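Chain order of the listed sequences is R and Z.
Our numbering applies: residue 1 is where the first sequence begins, and numbers increase by one.
Our numbering applies: residue 1001 is where the second sequence begins, and numbers increase by one.
Hints listed in this document are in silico derivations from the structure and should not be mistaken for laboratory results.
Watch out, some of these pointers could steer you wrong.
[To be verified] Label pairs and their computed distance ranges (CB to CB):
#1 Z:H1181 / R:L75: 52 to 60 Å
#2 R:L32 / Z:T1099: 35 to 43 Å
#3 Z:R1122 / R:G205: 35 to 43 Å
#4 Z:G1166 / R:I90: 43 to 51 Å
[Said to hold, decoys possible] Residues from chain Z that keep clear of chain R, each with C-beta distances beyond 12 Å, as calculated:
#5 N1010
#6 S1022
#7 R1044
#8 L1058
#9 L1108
#10 A1155
#11 Y1164
#12 H1181
#13 P1183
[Stated by the list, open to error] With a Cα cut of at most 35 Å, we get these calculated DSBU-like pairs of lysine-lysine:
#14 R:K263 / Z:K1034
#15 Z:K1074 / R:K263
#16 Z:K1016 / R:K86
#17 Z:K1034 / Z:K1074
#18 R:K263 / Z:K1187
#19 Z:K1205 / Z:K1187
#20 Z:K1205 / Z:K1163
#21 R:K263 / R:K121
#22 Z:K1187 / Z:K1163
#23 R:K86 / R:K222
#24 R:K222 / R:K121
#25 Z:K1205 / Z:K1034
Owing to the predicted nature of the structure, the values given are computational and were not obtained by experimental measurement.
Note that CB positions come from ideal geometry on N, CA and C, so glycine has one too.
Residues per chain, in single letters:
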Amino acid sequence: MDVIALTGVDLGLAASLLLLLSVLSVMLSLGLERKIIFFGCRMTAQLLLIGLVLRFLFASGSLLLVLLMSTIMLLAAGREVQARQKRKIIGLSGYLISVCAMFVSSFSVTVLALVVIIQVKPWYTPQYAIPLLGMLLGNTMTGIALALDRMTDQLHGRRGEVEQRLLLGQSWQEASSDIRRDCMRTGMMPIINSMAAAGLVSLPGMMTGQILGGTPPVEAVKYQILIMFLIAAGTGFGVVSAIWMSGLHLFDARHRLRLEILKSDKV
Amino acid sequence: MNDMHLCVVNITFLGKGPYTFSVGKGECVGLTGKSGIGKTQLFRAITDLIPAEGEILLDGRASASFSPTQWRSKVTMVPADSSWWYDRAGDHFPVKHKTSLLRESCMLLGLEPEVLDWQVSRLSTGERQRLALLRALQNNPTVLLLDEPSSGLDAYHTGLMEKYIGNYLRQNNPAVVWVSHDPEQLKRVASREFRMEQHRLYQIK
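All chains, full assembly: derive it from the sequences and hints.
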């Protein structure tokens, strides 16, 4: 079975739904109409562009280009994590924490999957490497952003408690243990929830895509299970390392809580 | 200076100081100064919660030569507003044994002995303040920095607290710095009194 190719008219029809939504937004004075149209256009441009890039990448199949593409994706994900935080660690170190955490989790898990599990030859075959990495980055990004945002917010809000515990002679690890545990749970909850709902409530996007593309459902499901495992593991490792690194940054060598390295951009 | 237990030498922090003073073993000194001058920050600097220039010595040994956790077990403060993070008051006490001793201390401060089993949300400001003092004393600190320890107490319980700290002072010989806005109280508890200003700290009695 071949996929039915979509025409411009088909996409246009779907886009008109968004126009309808923006009209509704004006009528209800939600103030979202500009955003809906802007981000709708932006999404279209981004995806068209990536379609072209992927076509080129798949045709060339060069390791160098795959690595370049992965690096760009990683850096963009790091920027996105920073943008999603209410209070962020200022300067390069905040950015590096998110990038390192995602590198550790997404990259290692992707390479493991390519080399050991799927055994693609060569291992960097872009048709496998890029979508896998993309799915892992997208999900670990969400987890890490949630966990880091909560970490800085909690340390800010519960400063008195943390400092009181330090005053009782506790190390920074003890003094922040409850908070760090809570943040790690927060970061891992979405993926645990989506594992629970997978197949019952939601049909995951990748599997749906493969089925639409003509893959037999059971094969598609197996890939989806693999991806779910990888995402859950990657998110978990990423969240744990992000919280650990941010802890090392927010407390100094004398076990002082250094909230002055945080900057809040919103109220 | 040499028989002094705690020596604070020329410390500066957050654009304040330099401040120099020392407290002997078993001595209680008072500290006053208008609100917002930085008395609490001075305490935070001494307990090494914020970075400060200068030197702080404990029996002649510099604070930097202690590990941070060691230092804060020896040199601790009781903040004006205490923090609690578990549900039950008693869970906040680092030493789990010797509860009978603790309950006895509770009674001396006018607290009911069952107070340790209560939910923190049920405690009044004054009850929390007294429990925070007892909690800080569990590590047997040799320097005790008290930030308005009786601000939430009535005259009767303030008296009990002054007596309790006085006894603790005689038995354990710590160095105590007591911040208070009540000159009468400092007259009762402190042997000397310092006044803190933006760039200096001087003895007034």
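Exercise. Against the structure shown, which of the earlier numbered hints fail to hold, in ascending order?
Worked result: Hints 2, 3, 7, 18, 21, 23 are the ones this structure does not satisfy, whereas the remaining hints hold.
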